[in-house]
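Residue numbers (numbering that gives the first Met the number 0), protein chains in the order written: chain A, 0 to 293; chain B, 0 to 293; chain C, 0 to 293; chain D, 0 to 293.
Honestly, the hints are just simulated from the structure, not real lab data.
Check before you lean on any hint, since a few could be wrong.
Cβ pair distances, simulated, as ranges [to be verified]: (1) B:G250 to D:P75: 22 to 32 Å; (2) D:Q248 to B:W226: 44 to 54 Å; (3) B:R21 to A:V215: 32 to 42 Å; (4) D:R285 to B:T30: 57 to 67 Å; (5) B:A107 to D:L234: 45 to 55 Å; (6) C:E214 to D:A153: 48 to 58 Å; (7) A:A225 to D:R285: 26 to 36 Å; (8) B:A138 to D:A225: 50 to 60 Å; (9) B:R21 to D:S63: 23 to 33 Å; (10) C:G293 to A:V215: 26 to 36 Å; (11) B:T30 to D:A97: 23 to 33 Å; (12) D:A97 to C:E214: 47 to 57 Å.
Partial chain D-side listing against chain B, Cβ under 10 Å, derived [to be verified]: (13) L79; (14) R244; (15) V251; (16) G253; (17) L262; (18) R264; (19) A268.
The structure displayed is predicted, hence computed values, not measured ones.
From the three backbone atoms N, C-alpha and C, an ideal C-beta is built for every residue, glycine too.
4 protein chains.
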Amino acid sequence: MHVGFLGLGAIGAPMAARLARRGPLTVWNRTAARATEFVARHGGVAAPSARDAAAADVVITCLSTSADVAALLEGPDGILAGLRPGALFLDCTSGDPATSRAIAARLAERGVAFADAPVSGGTNGAEAGTLTVMVGGSAEAFARARPVLAAFGARIEHVGPVGAGDALKAVNNALLAVNILAVAEGLAALMKAGVAPRTALDVVNASSGRSFVSEVLVPERVLTGAWPRTFRLALLDKDVGIATRLLGQTGVPGPVLELTSALLRAARAELGEAADYLDPIRISERHAGVELRG
Amino acid sequence: MHVGFLGLGAIGAPMAARLARRGPLTVWNRTAARATEFVARHGGVAAPSARDAAAADVVITCLSTSADVAALLEGPDGILAGLRPGALFLDCTSGDPATSRAIAARLAERGVAFADAPVSGGTNGAEAGTLTVMVGGSAEAFARARPVLAAFGARIEHVGPVGAGDALKAVNNALLAVNILAVAEGLAALMKAGVAPRTALDVVNASSGRSFVSEVLVPERVLTGAWPRTFRLALLDKDVGIATRLLGQTGVPGPVLELTSALLRAARAELGEAADYLDPIRISERHAGVELRG
Amino acid sequence: MHVGFLGLGAIGAPMAARLARRGPLTVWNRTAARATEFVARHGGVAAPSARDAAAADVVITCLSTSADVAALLEGPDGILAGLRPGALFLDCTSGDPATSRAIAARLAERGVAFADAPVSGGTNGAEAGTLTVMVGGSAEAFARARPVLAAFGARIEHVGPVGAGDALKAVNNALLAVNILAVAEGLAALMKAGVAPRTALDVVNASSGRSFVSEVLVPERVLTGAWPRTFRLALLDKDVGIATRLLGQTGVPGPVLELTSALLRAARAELGEAADYLDPIRISERHAGVELRG
Amino acid sequence: MHVGFLGLGAIGAPMAARLARRGPLTVWNRTAARATEFVARHGGVAAPSARDAAAADVVITCLSTSADVAALLEGPDGILAGLRPGALFLDCTSGDPATSRAIAARLAERGVAFADAPVSGGTNGAEAGTLTVMVGGSAEAFARARPVLAAFGARIEHVGPVGAGDALKAVNNALLAVNILAVAEGLAALMKAGVAPRTALDVVNASSGRSFVSEVLVPERVLTGAWPRTFRLALLDKDVGIATRLLGQTGVPGPVLELTSALLRAARAELGEAADYLDPIRISERHAGVELRG
Chain A
0 MHVGFLGLGA IGAPMAARLA RRGPLTVWNR TAARATEFVA RHGGVAAPSA RDAAAADVVI
60 TCLSTSADVA ALLEGPDGIL AGLRPGALFL DCTSGDPATS RAIAARLAER GVAFADAPVS
120 GGTNGAEAGT LTVMVGGSAE AFARARPVLA AFGARIEHVG PVGAGDALKA VNNALLAVNI
180 LAVAEGLAAL MKAGVAPRTA LDVVNASSGR SFVSEVLVPE RVLTGAWPRT FRLALLDKDV
240 GIATRLLGQT GVPGPVLELT SALLRAARAE LGEAADYLDP IRISERHAGV ELRG
Chain B
0 MHVGFLGLGA IGAPMAARLA RRGPLTVWNR TAARATEFVA RHGGVAAPSA RDAAAADVVI
60 TCLSTSADVA ALLEGPDGIL AGLRPGALFL DCTSGDPATS RAIAARLAER GVAFADAPVS
120 GGTNGAEAGT LTVMVGGSAE AFARARPVLA AFGARIEHVG PVGAGDALKA VNNALLAVNI
180 LAVAEGLAAL MKAGVAPRTA LDVVNASSGR SFVSEVLVPE RVLTGAWPRT FRLALLDKDV
240 GIATRLLGQT GVPGPVLELT SALLRAARAE LGEAADYLDP IRISERHAGV ELRG
Chain C
0 MHVGFLGLGA IGAPMAARLA RRGPLTVWNR TAARATEFVA RHGGVAAPSA RDAAAADVVI
60 TCLSTSADVA ALLEGPDGIL AGLRPGALFL DCTSGDPATS RAIAARLAER GVAFADAPVS
120 GGTNGAEAGT LTVMVGGSAE AFARARPVLA AFGARIEHVG PVGAGDALKA VNNALLAVNI
180 LAVAEGLAAL MKAGVAPRTA LDVVNASSGR SFVSEVLVPE RVLTGAWPRT FRLALLDKDV
240 GIATRLLGQT GVPGPVLELT SALLRAARAE LGEAADYLDP IRISERHAGV ELRG
Chain D
0 MHVGFLGLGA IGAPMAARLA RRGPLTVWNR TAARATEFVA RHGGVAAPSA RDAAAADVVI
60 TCLSTSADVA ALLEGPDGIL AGLRPGALFL DCTSGDPATS RAIAARLAER GVAFADAPVS
120 GGTNGAEAGT LTVMVGGSAE AFARARPVLA AFGARIEHVG PVGAGDALKA VNNALLAVNI
180 LAVAEGLAAL MKAGVAPRTA LDVVNASSGR SFVSEVLVPE RVLTGAWPRT FRLALLDKDV
240 GIATRLLGQT GVPGPVLELT SALLRAARAE LGEAADYLDP IRISERHAGV ELRG
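Whole structure, please, built from the sequences with the hints as guidance.
Structural data, given as C-alpha cells:
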C-alpha cells in the first residue's frame, strides 16, 4: 500500500517519518527543499508535484487550514485529477467541519473516500507515535484509516461523521484556550494579593480548579521562564474560531467560548503572527505589572 | 488545648467530628438541634451560646460567608466579648479577603490572632481528613494553626497574608466555574454535530483541553445522569463573586472570570437557591435540545 | 422599466406597494396567496413562478436570508435561467456579505449586475417611503439602483463594494442588540436599587448613556407594557451572527459584539422562534424579579 | 445661606463659580493654590482648612471618589467636627451607593442631612449651568437641595433614596462605555470591509443602532482626529466598576456590563492613568490596523 503525504510541517514531518519506516511513501511540500531534506533523512520519494504525490492508495494531508487543502484540490495543477478512484484521503489538518464536508463531497464524485483526522499531542507525540487522532468519517473509511494512522497515533478514535474530528479538535483547543486565559487572570490577581503563583498552582492542582494548563503548561513553561515556542497563537486562534462557528452553526449558545475567541483574536492582533499560544499570559502579566515566576 | 467550633454545616460537621477525637471540643450551631445531635454522635460539649463556644484556646468558624462571621462577632450577643486574649481564631469559611482583613484587625485589638483557612475537598474530604487548607495569616499564626488544621487537612498550605486563603479559594472556584460552563457549551455543540459526549470527553481528557471538570465531574455526575447535589450553586456564585471583586480591587482585568461570574449569577437567578453547582450544565442542554448522557 | 419583486413579507410587501404606483411590476411570493392578495390591493401582476417574476429589467429580492436568495437562483426551477442579460439585481434582504459576493459573481457570469441593498426603518418606514437603504455594489450599479430604490427609501447611501450594505446593516443591528441587553441589565439593577425605570431613562436620555433603545424602544414598548411584535428575535440573532462573522473574517477582535451574539442566541434558544427582538428584556426582568413598567 | 464647596476640579470649579454669583461661598481644595486662584477670579473666600469650609449651611463636595469624601470626614482634621447640626451635605462626586449610605448614616448621627447628587454634562455643562443632577436622598433633603443645585443644574431629578443618584450615574456611564467599545469594534470591522466610518455612522445614526456615542462623540472627536482630553478613562473605569458592584449587590446578572467593565480595566492597564475615556477606541484601531478618520 502506497502512501502519499502532503505537508511536512512541524507535526507533519515526524508523522511522515514514522510512515516511511512502514512502507512505500511519496512526500510533497510547498517549499520543495523540506521534501528533499526529509527524503535524505527518512527515506521515501519526493514527488515533483502535489498531483504526483496524490497518486497513491492513501493520501494524507497535514496543512495549516482546510482552505489550504481545498485549494490544493482544484485548479489546473489541482490534485483532484491525480487521485485514484478507490483511494482513501485522510486530512490530518486541524480543519473546519464545513470545508471538510465540502471536500468529502467533491472527492466522493471521484470515488475517493475521505476522513478528517486531526491530531493532538504536539511534535513530541508525533515523533513518539503517541498522538491522539480524532477521526470523522464513515465506519468503512475509519476501518481503512486505522492501520495507517497507527503509524503515528496511539489513541485513534472514530468520533462521528465527516467533520466530527475537526469539530472535536476545535472544541478541545477552545477549552485549552479558555484555561490559558482564565488561569492567567486568576494567577495575576492572586500575585498582586500576595499569593505566589507556584503556591497558588500547587493548591489549585490539588483542588477542583485544575486543568492541563494549571498542571502542566504554566508550571513547566511560564513559572520557569522557559516560554518555549511550540504552537503558534495564530493557529490556536484559528481553531477557536472554528469552535465558535460550530456553535453558530449548531445554534448552541456559547458565551464563554465566544468571548475566549474574541480575546484570543485581540491577543493575536496585539502580539503578532509569530507569537506562541501561551503568550497571551504575558498580556495579563503586563496588565497586572507582575511576572508569574517562581 | 480547648477548641471551640462554630458552624456545623455539611463541611463543618465532619471537620468538627475529627477534632472531637483529638481533644476537648465545644460546638455551636445557629440551629441548636444540629449541635445536640453532633454531640450525641461525636462527643464534645454543645455550648448554650456562640459566645460560650468562643471561650476557647482555638476558635474555628465554618459559616456561609464572611459577613456571617463578622455578624457573629459584634452586637450585644457578639462573641467578641467572649474571646480570650491570646486565642487563635481560624475562619474556615470560604470568605472574602476584605472582610477577613477587617475581622483580623478587630480581633487584633483584643489580642486574638486570626487566619483565614478555607478548605477544598468536599464532604468526603472532610470525613477522610484529606482536605486541602489554604491559610492566610502571619507565619506565627500559621505555625499555631497547622497542628489544629491537621485534624482534617492533608495538605495545609500557608499561602500569604490574611485574606490570601480566601483569595485563593475564590480563584480556584472561579476556575472550576469557567470549566463547568465551557465544557457544557463545547459538549452540547459537539453532540449536535454528531459527537457523543463520552467520546468527546475521552479524547479531550487525552489532550490539552482537559480539566477536573472534564475528567471527573462531568463523567461521574452528568453522563451517568446521577446529578448528586453536593454543593449549592448559590455558594459557588458567591465564591466567584469574591474572585471578581479581587480582580477589581487589584486592578487586574479578568474578562473571562468576570463573564463567568455574570453567567453564574444568571444561572442562579434561573435555577434558584437550591440548585446544585453543576446545574448550569442543564441550561446548555436545554438550549441545545440535547442530554449529555452516555 | 419593468420591475420584478420577489418576497412579499412584512417589509417587502409595503416596499413593493410603493413600486406598484410607479410603473409595471410583477410580484412573486413563496406562498402564492400573498401575491394574489397583493395584486388585488396594489395592482401589478402575480407571476406564476419566481423565474417568471425574474424576467424583468430590475429584479428585487426581499427574503429572510442570503441563503434563501442563493437557493432561489439555482436548481431546475432556479431564476438564474430567467434573468435577462443587462438586468439589475437588487437584494434588499438583510444578507451576509460572503453569500452576496458569491451571488454577485454568479450573476456577473450571466451579465447581470448586483447590489446588496438592505433597508432599515421597519414596516412603518416601508409604507411611508422613508426607509434608509444601504447599498453595496459598483458605482454604476448604484447609479442605476438609486431611482428604483427611491420608491421606498428616503436615505439611499452607497456604502461600499458588494457586501458592504449587508455588513453595515449587520453592524447596525449588532449595536441595536448591545443596547437592548445593556439597557435591560442596567434598568433591572437600578429598579432593585430603588430607581424607577422611567426616571432612570429620563436621566440617561439627558446624558451620555442614551441610545435609540433608551430613547424610543424601551419607553414606548416596554415601560408601557405594550410589547408589540414587530421584528423576530430569530432575525436579529441572524443579523448579529453576520456581524460576528464579519469580525472573524476581517480579523477584528470584537468581544462586546461577540458576547452579545452569544447571549442573543441563548435568548432565542430560551424564548423560541416566535419571540420578538425586545423579549430578551423579559429575561432580565425575570432574573431580577422586577417589571420595567411606569 | 452660606455654601461651603470642597473640590475645585475640572467640574467642581465651574459649578462653584456659578454658586459664587448667588451668595456667600467658602471654597476649599486639596491643592490650596487652586482655591486662591478661584477666589481671585470668581470671588468667595478660600478657607484655610476643609473643616473651616464645612462650617456652612450647605456643604457641597465634588471629589474623585466616595472614598475621598469618607476620608475627608474622619480623622483628627476631619470635617465631621466642623459640620453644623441641621446643615445639608450634598455630594456631587460620582460616588458609590454603599459608601454614600455609610456617609449618610455617619452624618445623621451629627444631625446633618445627606444627598448624593452626581452630575452629568461635563465642563461645558457646568459652565453653562445646564448639568443634569441625579439626587439620591429623602424628599426633604431633595426639597432643600433643589434651589442650591439650580445654580448649575438645568435638570434636577430626585431619583430615589441615598445612593440612588450614584447608582444611576454609574449605570449611565456603563451604557456610555458599552457604546464606546461596541461602536469601535463595529466601525473597525466595517472599515476593513470597505465601509468608510463617516458613511457607516451616517447610516447607523439614521437607524436603530444609534447612540450618543455614534451621534456625537465619535463624529466630533474621533473622525476629526481631534481626540480632546475631557474625562479620564480611569474615572470612567471607576464608574463602571460601581455599576458592576451594583449588579452584584442587587443580584442582577449583567454579562454585557460586566464584560465592559473588565475590558475597560484592561484598556486602562494598557493606556495608563492619564488616558482619555475615548482612547480605548485607539485599541480597536490598532488591532484592526485602521484609523477611524474621515
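Going down the list of hints, with the structure as the test:
1. For the pair G250 of chain B and P75 of chain D, the beta carbons lie near 30 Å from each other, so the given range of 22 to 32 Å is met.
2. For the pair Q248 of chain D and W226 of chain B, the supplied restraint of 44 to 54 Å is violated, since their beta-carbon distance comes to about 31 Å.
3. In this structure, R21 of chain B and V215 of chain A meet the distance hint of 32 to 42 Å, their C-beta atoms being roughly 38 Å apart.
4. Remark: the range hint 57 to 67 Å for R285 of chain D to T30 of chain B is upheld by a beta-carbon distance near 58 Å.
5. Roughly 35 Å separates the CB atoms of A107 of chain B and L234 of chain D, a value that falls outside the hinted 45 to 55 Å.
6. Take E214 of chain C and A153 of chain D: their Cβ atoms lie about 18 Å apart, and the range 48 to 58 Å is violated.
7. Checked against the given bound of 26 to 36 Å, the beta carbons of A225 of chain A and R285 of chain D, roughly 29 Å apart, stay inside it.
8. Take A138 of chain B and A225 of chain D: their Cβ atoms lie about 56 Å apart, and the range 50 to 60 Å holds.
9. Checking the proposed 23 to 33 Å range against R21 of chain B and S63 of chain D shows it is violated: the Cβ atoms sit about 53 Å from each other.
10. Distance hint for G293 of chain C and V215 of chain A: a CB-CB separation of about 55 Å, inconsistent with the stated range 26 to 36 Å.
11. Against the hinted window of 23 to 33 Å, the Cβ-Cβ separation of T30 of chain B and A97 of chain D comes to about 30 Å, which satisfies the hint.
12. The supplied range of 47 to 57 Å is broken by A97 of chain D and E214 of chain C, whose beta-carbon atoms lie about 30 Å from each other.
13. Hint status for L79 of chain D: violated, given a least beta-carbon distance of 21 Å to chain B, over 10 Å.
14. Because the closest C-beta pair between R244 of chain D and chain B is about 8 Å apart, less than 10 Å, the hint holds.
15. The criterion of a C-beta within 10 Å of any C-beta in chain B is met by V251 of chain D, whose closest approach is roughly 8 Å, and the hint holds.
16. Because the beta carbon of G253 of chain D sits about 6 Å from the nearest beta carbon in chain B, less than 10 Å, this interface hint is met.
17. Satisfaction of the interface hint for L262 of chain D is found here, the shortest Cβ-Cβ separation to chain B being roughly 6 Å, below the 10 Å cut-off.
18. With its C-beta approaching chain B no nearer than about 4 Å, R264 of chain D sits inside the 10 Å limit, and its interface hint holds.
19. The criterion of a C-beta within 10 Å of any C-beta in chain B is met by A268 of chain D, whose closest approach is roughly 6 Å, and the hint holds.
Violated hints, listed in ascending order, are 2, 5, 6, 9, 10, 12, 13; each of the other numbered hints is respected by the structure.
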